[in-house]
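Using the sequences and the hints given, assemble the complete structure.
Residue-level listing of the chains:
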Amino acid sequence: MATTQPAAGQSNIPPHVPPELVFKLGITESAEFLADPHKYMAGLHATHPPIVYSYSDHNPSAWQLLKYEDAYFVLRHPEIFTAEGSGPFPRDPDDYWKIIPLEIEPPEHRKYRALVDPLVSPKAVLALEVGIRKLANELIDKFIGKGSCEFAKEFGRPLPVGVFLDIMALPRDMMDEFVRWAMGLLHAQDRAVAGQVMGEVTAYLNKVIAEKRAEPDDGLVSAIVNGRPGGEEMSARETFGFLFFVWIAGLDTVFATLNHIFVWLAQNPDRRQEIIDTPDNINNIVEELLRVFTVTFSGRTLRQDFELRGVKMKKGDKITSILPSCNFDPEIFPNPTEVNFHRPRKPVLTFAGGAHSCLGAHLARMEVKICLQEFLRRIPNFKIKPGAKIEYWPGGVVGPKDVPLVW
Amino acid sequence: MALVTYVQHNGERHEVDVPVGDSVMQGAINNMIDGIVAECGGGLACATCHCYVDEAWAAKVGAPSTTEDEMLEAAASERKPTSRLSCQINVTDELSGLVVYLPETQF
Numbered sequence: 013m014a015t016t017q018p019a020a021g022q023s024n025i026p027p028h029v030p031p032e033l034v035f036k037l038g039i040t041e042s043a044e045f046l047a048d049p050h051k052y053m054a055g056l057h058a059t060h061p062p063i064v065y066s067y068s069d070h071n072p073s074a075w076q077l078l079k080y081e082d083a084y085f086v087l088r089h090p091e092i093f094t095a096e097g098s099g100p101f102p103r104d105p106d107d108y109w110k111i112i113p114l115e116i117e118p119p120e121h122r123k124y125r126a127l128v129d130p131l132v133s134p135k136a137v138l139a140l141e142v143g144i145r146k147l148a149n150e151l152i153d154k155f156i157g158k159g160s161c162e163f164a165k166e167f168g169r170p171l172p173v174g175v176f177l178d179i180m181a182l183p184r185d186m187m188d189e190f191v192r193w194a195m196g197l198l199h200a201q202d203r204a205v206a207g208q209v210m211g212e213v214t215a216y217l218n219k220v221i222a223e224k225r226a227e228p229d230d231g232l233v234s235a236i237v238n239g240r241p242g243g244e245e246m247s248a249r250e251t252f253g254f255l256f257f258v259w260i261a262g263l264d265t266v267f268a269t270l271n272h273i274f275v276w277l278a279q280n281p282d283r284r285q286e287i288i289d290t291p292d293n294i295n296n297i298v299e300e301l302l303r304v305f306t307v308t309f310s311g312r313t314l315r316q317d318f319e320l321r322g323v324k325m326k327k328g329d330k331i332t333s334i335l336p337s338c339n340f341d342p343e344i345f346p347n348p349t350e351v352n353f354h355r356p357r358k359p360v361l362t363f364a365g366g367a368h369s370c371l372g373a374h375l376a377r378m379e380v381k382i383c384l385q386e387f388l389r390r391i392p393n394f395k396i397k398p399g400a401k402i403e404y405w406p407g408g409v410v411g412p413k414d415v416p417l418v419w
Numbered sequence: 002m003a004l005v006t007y008v009q010h011n012g013e014r015h016e017v018d019v020p021v022g023d024s025v026m027q028g029a030i031n032n033m034i035d036g037i038v039a040e041c042g043g044g045l046a047c048a049t050c051h052c053y054v055d056e057a058w059a060a061k062v063g064a065p066s067t068t069e070d071e072m073l074e075a076a077a078s079e080r081k082p083t084s085r086l087s088c089q090i091n092v093t094d095e096l097s098g099l100v101v102y103l104p105e106t107q108f
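Listed in order, the protein sequences are those of chains S and E. Under the numbering used here, think of the first position of the first sequence as 13, with each following residue one higher. Under the numbering used here, think of the first position of the second sequence as 2, with each following residue one higher.
Hints listed in this document are in silico derivations from the structure and should not be mistaken for laboratory results. Where hints are given, some of them may not hold.
Stated by the list, open to error - Partial selection, computed: residues in chain S whose CB lies under 10 Å from chain E: (1) Arg-203; (2) Glu-299; (3) Thr-349; (4) Val-360; (5) Gly-365; (6) Cys-370; (7) His-374.
Don't be surprised by glycine CBs; every beta carbon is placed ideally from N, CA and C.
Given below as structure tokens:
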């Protein structure tokens with residue numbers, strides 16, 4: 013396989029890395045990965061050792077974890093594996109800001125999370141259900157009559173962005189701009205484009221910070237910019253880093269997840285019917301779909317030398333949990349690629365884990381649930397537009413580019 | 002308010018007034034009681050708010066749901082007959098006086 017050749021002679025591989033663990037995994041840019049990302053990431057368990065050291069043309073070389081238990085260990089031991097410096101966004105070294113709360117470690121971390129947790133708790137999210145359902149139906153109204161839609165653009169994108177704007181208490185008419193910025197930062201694969209977009213985002217967020225300071229409301233932006241973690245004022249850089257992170261995190265992940273799910277639904281009419289026929293099982297259905305369509309990775313840096321599963325790592329090494337692979341770990345989820353809505357429930361790694369476990373996890377679950385329920389209620393039968401081929405974005409959030417549906 | 006006593010694995014006891022309607026998990030988190038992690042924030046998704054309900058209270062607290070029962074299998078510490086995920090126990094006036102024991106580790 014072209015993507016797994018040993019990298020003997022690669023100049024950037026540190027000497028402590030055993031040559032037999034060095035691979036070019038190709039996540040997320042090789043042709044083999046992009047042909048079917050989840051199939052590829054599930055397949056790694058059969059073709060690779062559980063911990064590999066992977067180099068790439070675009071990203072820093074890093075240890076890659078495929079096993080569920082290893083990822084959980086790393087995510088739950090911030091004193092050994094820090095998330096500091098793990099954000100992949102362009103930042104000026106002379107005006108550096110931390111991505112908050114991700115790049116703050118316990119115990120300080122809790123002070124920051126406490127500002128926003130109440131707005132995205134299971135209870136808070138429940139209060140959003142009616143509004144999300146309404147938005148889903150408004151979007152469906154626009155295309156149901158024409159017998160087709162470009163799902164990603166007409167539903168997968170506007171639904172989570174609209175919900176997010178509402179939670180942030182920002183105007184809905186920012187939707188197109190937000191979408192363009194998210195694409196530029198996450199999928200352009202071009203530093204010049206990312207830098208340009210970063211400038212626009214910075215200007216916008218700074219304007220919003222000033223506005224919400226002047227006129228506080230009960231939205232998420234206000235909670236952040238007027239929040240006092242541990243009773244102390246945040247610096248301007250901290251406020252920006254916090255707002256930026258929550259902003260970017262809300263834009264792309266549910267989008268990608270919904271797109272994966274609807275490609276799968278379009279290709280599996282019997283499973284679509286199963287979902288329609290078992291409304292009481294919806295929570296298990298959502299959890300299983302989140303397991304098999306996990307879209308992100310979680311990066312850390314070693315604070316000390318450490319040996320994991322017999323592999324000796326050094327202080328300063330980068331380490332990435334391949335969360336989609338971890339959720340296909342056959343030791344934890346037998347017959348892992350089978351989509352089985354009656355599996356015994358186990359914690360999934362879709363939302364990472366540990367202190368930095370995804371802030372928006374319950375919101376994401378709610379959005380996926382409502383989208384399944386409302387879309388299938390109104391458009392129970394659909395398929396991929398004949399002749400269309402599903403292609404995937406390279407980058408830190410794995411998802412299809414276009415999802416053309418017909419019914 | 003209802004009085005909930007959290008007993009740490011080392012025997013340390015914390016008596017806390019928890020607002021009725023909050024979960025036993027929230028009562029611990031809001032009072033900085035170590036021993037409950039609750040990394041998912043109360044969504045029945047992580048099994049890190051495991052507790053052992055005092056036997057005298059077990060009947061009043063009740064049994065776990067099917068999903069909670071499955072998630073308890075993923076808890077790090079030994080599962081016992083009165084094991085519950087504390088995010089799923091809502092505090093009521095009837096539960097005032099409740100005693101829960103916290104496990105050695107949540108993960």
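Hint check:
1. Arg-203: Hint on Arg-203 of chain S: violated, closest Cβ of chain E at ~34 Å, above 10 Å.
2. Glu-299: Glu-299 of chain S check passes; min Cβ-Cβ to chain E is 8 Å, inside 10 Å.
3. Thr-349: violated (21 Å)
4. Val-360: OK, holds: Val-360 of chain S within 10 Å of chain E, min 8 Å.
5. Gly-365: holds (6 Å)
6. Cys-370: Check passed: Cβ of Cys-370 of chain S comes within 9 Å of chain E, closer than 10 Å.
7. His-374: holds (5 Å)
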